[in-house]
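Engineer: One-letter residues, chain by chain:
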Amino acid sequence: MTVARFWRRLKNLYNLIGTHCEKCGGYYYPPRNLCPKCRRSSRSVPFKFKGLGEVVTYTIIHSSTKDFEKQTPYILAIIKLNEGPHLTSQVICDHNDIHIGMKVKSAFRKLGEESDKGMLYYGTKFVPMGSRDK
Amino acid sequence: MKSGIVSYGAYIPRYRIKIEEIAKVWGDNPNSIIDGLMVYEKSVPDMDEDTITIAVEAARNAVNRANVNPEKIGAVFTGSESHPYAVKPTSTIVAEAIGATPNLTAADFEFACKAGTAAIQACAGMVESDMIELGLAIGSDVSQGAPGDALEYTAAAGGVAYIIGKENILAKIESTYSFTTDTPDFWRREGKPYPEHGGRFTGEPGYFKHVTSAASGLMERLGTKPSDYKYAVFHQPNGKFPTRVAKMLGFSGEQIKPGLVVSRLGNTYSGSCMMGLAAILDIAKAGDRIFMTAFGSGAGSDAFSFSVTDRIDEIRNGAPSVEELLANPTYINYATYAKHKGKIKL
Amino acid sequence: MRDVAIIGVGCTEFGELWDRSFRDIFVEAGVSAIQDANVQGGKIDALYVGNMSGGRFIEQEHIGSLIADYSGLAGFHIPSTRVEAACASGGLALRQGIIAVASGYHDIVIAGGAEKMTDVDVETTTDALAAAADREWEGVMGATFPGLYAMIARLHMHKYGTTSEQLASVAVKNHHNGTMNPKAQFQNEISIDAVLNSVMVADPLHVFDCSPITDGASAVVLAPAEIAKKFTDTPIYVKASAQASGTLSLHDRPDITTLDATVAAAKRAYKMANVTSKDIDFAEVHDCFTIAEICAIEDLGFVKKGEGGKATIDGMTAIGGKIPINTSGGLKACGHPVGATGVKQAVEMVLQLRGEAGKRQIDGAEIGLTHNVGGSGGTAVIHIFGR
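In order, the protein sequences belong to chains A, B and C.
All residue numbers for the first sequence refer to this note's numbering, where the first residue is 604 and numbers rise by one.
All residue numbers for the second sequence refer to this note's numbering, where the first residue is 24 and numbers rise by one.
All residue numbers for the third sequence refer to this note's numbering, where the first residue is 20 and numbers rise by one.
Heads up, some of the hints might be wrong.
What the hints assert, rightly or not - Restricting the straight-line Cα-Cα distance to at most 25 Å, the calculated cross-link-like pairs of lysine to any residue (SDA-like) are:
(1) B/K41 to A/H698
(2) A/K683 to B/G122
(3) A/K651 to B/G122
(4) A/K673 to B/K366
(5) A/K706 to B/Y354
(6) B/K270 to B/T235
(7) C/K323 to C/S183
(8) B/K368 to A/T675
(9) B/K215 to A/E717
(10) A/K720 to B/M70
(11) B/K368 to A/D719
(12) B/K308 to B/E277
(13) C/K290 to C/E385
(14) A/K651 to C/G158
(15) A/K708 to B/T353
As the list claims (entries may be wrong) - Covered by chain A, according to a simulated footprint, are these stretches of chain B (three or more residues, beta-carbon under 8 Å):
(16) 72-86
(17) 108-120
Derived by calculation from the structure, the hints in this document are not laboratory data.
Quantities reported herein were computed from a predicted structural model and do not represent experimental measurements.
Idealized CB from N, CA, C, for every residue including glycine.
Generate coordinates for the entire structure from the input sequences, incorporating the hints supplied.
Structural biologist: Structure, rendered in structure tokens:
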């Protein structure tokens, strides 16, 4: 990740802003330039997802790429947002608690950093729905 | 004053380490430390939590609690002594993450443990002068204590955000008063990972002189006395200092108890006093008056007098309470704590 | 369109080839394929080479020119093209070569694949491979390749009751096959317990559920079928060449346990070869992870969806079983030099169909299939071969 590449996407990463196709009613996160159903006739507008969903599948990563080696082991999951789309993110919870179907909500977390001198990357991860939630 | 608190939100990471666990590593007697500090455990950030993520979570809780339109926020000021960037604002990231950009001003504050209350004063000033409609003042820290230093027993993580405005306020700021001198009781030099402190010098010439001066100054200006207040909250680097200063000023144990969160949380630095205030607002009723005095090393104190309005009941359940954030922690050992705090260098 | 035949094959040994460079290995594979085909360098019309990440692994782009030059073919100025589709680069290079010959554009074409993966540290290799996933929406969140396949495995276990032992049985079988392949990276037997007790990489996948990091190169020589017998007595004919795309990101897949690009490519390939999955005698499938082989045999139609794990542990896919899978040892035991793998699969087809597969030779093989996947299923390339 370079600075410009992150900066271009940070609104999406911070606030789960994807796209909504006004023609077919489809919701997409990550955002799509073209709705895959309507293609050239799609009418894509930005859409902010609520950040509620459930775990479709998951893994616990023990061996990571260099950017994530200080964070291992961590839970990587595919989350189905309540509005429909699936995305890949981390779930922050006790490793004994993670399970398929777990209800989760978004949380603002550090995604990584470019060395101890470089830029910090922030974005959306997920935490279990729990007593703290209103 | 015409301004007040429109909303507030807190955030505390879910991890805790007990005093015993730290004392075991350094061969200290845990009981004498617990008795001396009146602190049993402290909060620890997750691997991927820092001052920025904590500030964002607290700010989001504040926005959600009273359904505030973030686009109406005209200023974001984040007070911290652990901003992840030395240069590059925390507050721009917070503003972006709550959807307040781009029509606003933003800056980061630093004044040891009172940067957050300084941010409240700045927001109140801008609101009172009609420069902005709403201002967001945050105190957030993942405070640093060198391994083996006395500070390690209390340096905790947490953040609190206050939205200041003139309409729909849940607590009016009756007045604020500050007392500031150049007193080097505690510092951290540029590029150094851990702060240094003057030991017992931080007490009398630091904390007690400034807190009592600001508190007395404010009560004198308002013509109030301790018994006029339902609650009082003072900066809480440990449990002992605020208890003692309350007594010196004539406040009772009953008045400070609801806001004394340090025993289960540790010192959240820029969030410390403001967290205590949040815990009080969680239970306060319309008409209650609250007295608050923050302290920041270096040194200065900001005193505030608040009176709670009946709006408080409408927004009370819109975001997690401090009690809920303190509940059901996950306890970790020193090794995990060291990993979370980046004390293990790779 | 003309029918196409393979008239020669070559392959280096696969493994950690510390003493050999990228150019050493592709020259070795190319020269042995050309010798096997009995063609003169001047007769070669074009080169296609599969290479995933020369830029990351050896900091070298412009692989097409490099290969033409160091193969001694730059003087003939023949076209040389690098083809990239992550781990399906080799299969795709083969397909480009087949299309070039079938169309009549070229006659004698070399299709090869090469990857030198051990010149960089493991983290760099892991990161380069992670580039086959969606960097902006998977990689940035901490996704690794084993991690993506682990999520497929986790859901497969949840939906179909597939077990860790069944996953491990893929590795056990392929290691057994590897013991009979002198070019394989691993030529040792392993047990199910050894797999289950090996280090966890991405739960539920252990390190022995994963294909290794490998150096290696493979090449085949292609010619129009009508002149193939001029070069060899045993040409192997390409019955079908099919390719399909799927979503780049795993999370966008309609069913996470199905590589729908494999399903689509298989359908096209079976139609083109005028066969069904039942007619396939043996196959080399893309077992980058044990779960990948289980999904492959399901998606190719050899077993019903969800039954791949049971079929494997029951021996259906072993040599001597109903449909031997990965007689070479597969990616798991033979090794997975990503750009070379798709071509090596074709080399194994040729050796088996010619009856030259030595100890791992299967009886009566007439029709074989190769299945090469890019990423978590964004690209699938399938070829069907016959005598």
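Engineer: For each hint, tell me whether it holds in the structure or not.
Structural biologist: Hint-by-hint comparison with the structure:
1. A hinted pair counts as satisfied when its Cα atoms are at most 25 Å apart, and B/K41 with A/H698 qualifies at roughly 22 Å.
2. Among the hinted pairs, A/K683 with B/G122 is consistent with the structure: their alpha-carbon atoms are about 24 Å apart, no more than 25 Å.
3. Pair hint A/K651 plus B/G122 holds up; C-alpha atoms about 11 Å apart against a cutoff of 25 Å.
4. Between the alpha carbons of A/K673 and B/K366 the distance comes to roughly 12 Å, so the proposed pair stays at or under 25 Å and holds.
5. Note on A/K706 and B/Y354: the hinted pairing holds, with a Cα-Cα distance of about 23 Å set against a maximum of 25 Å.
6. Between B/K270 and B/T235 the CA atoms are separated by roughly 11 Å; this keeps the pair inside 25 Å, and the hint holds.
7. A distance of roughly 19 Å separates the Cα atoms of C/K323 and C/S183; the hinted pair therefore holds under the 25 Å criterion.
8. Simply put, B/K368 and A/T675 have alpha-carbon atoms about 15 Å apart, close enough for the 25 Å limit, and the pair holds.
9. Of the supplied pair hints, the one linking B/K215 and A/E717 holds, its CA atoms being roughly 20 Å apart against a limit of 25 Å.
10. Distance check on the hinted pair: A/K720 and B/M70 sit about 18 Å apart at the alpha-carbon level, within 25 Å; holds.
11. Distance restraint check for B/K368 and A/D719: the Cα-Cα separation of roughly 11 Å lies within the 25 Å cut-off, and the hinted pair is therefore satisfied.
12. Distance check on the hinted pair: B/K308 and B/E277 sit about 16 Å apart at the alpha-carbon level, within 25 Å; holds.
13. Straight-line distance between C-alpha atoms of C/K290 and C/E385 comes to about 17 Å, which keeps the hinted pair within the 25 Å bound.
14. Restraint check for A/K651 and C/G158: satisfied, since their Cα atoms lie roughly 22 Å apart, inside the 25 Å limit.
15. Between A/K708 and B/T353 the alpha-carbon distance is near 19 Å, which keeps this suggested pair within the 25 Å criterion.
16. With 7 residues carrying a beta carbon less than 8 Å from a beta carbon of chain A, the stretch 72-86 of chain B meets the three-residue requirement, and the given coverage holds.
17. Check on the stretch 108-120 of chain B: 4 of its residues sit with their Cβ under 8 Å from a Cβ of chain A, so the three-residue criterion for coverage holds.
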